[in-house]
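Work out the full structure, taking the sequences as your base and the hints as a guide.
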Amino acid sequence: MSTIIQPVSYSPEKSQDLQEKLSAYMGIHVLTLSLSNGNEVEGIISEIGQDFVTILYPETENNTLIPIRHIVSINCPH
8 MSTIIQPVSY SPEKSQDLQE KLSAYMGIHV LTLSLSNGNE VEGIISEIGQ DFVTILYPET
68 ENNTLIPIRH IVSINCPH
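Just so you know, we're using this note's numbering here: the sequence shown kicks off at 8 and counts up by one.
All the pointers check out, no bait thrown in.
With a cut-off of at most 20 Å between alpha-carbon atoms, the simulated EDC-like pairs for lysine to aspartate or glutamate come out as follows: (1) Lys28 to Glu54; (2) Lys28 to Glu49; (3) Lys28 to Asp58.
These are computed hints drawn from the structure, not numbers from a lab. Bear in mind the structure is a predicted one, so any value in this text is a computation, not a measurement.
Structural data, given as structure tokens:
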């Protein structure tokens, strides 16, 4: 019988922090952010802070500051 659980190797020195990962998408791509309250936000990342991201809504040119702890997932439609 095979096991469903597989061991995972994690090397913290090779990992990137969230700011580095998100910086590749800053100001370029429209992203969909799923939030912990069940809402989804679609916009462009205009600023990345230590514990927040600022999303620009292209249609209205308004900004919203979102705490990183409330972001469940980020999708980039292609």
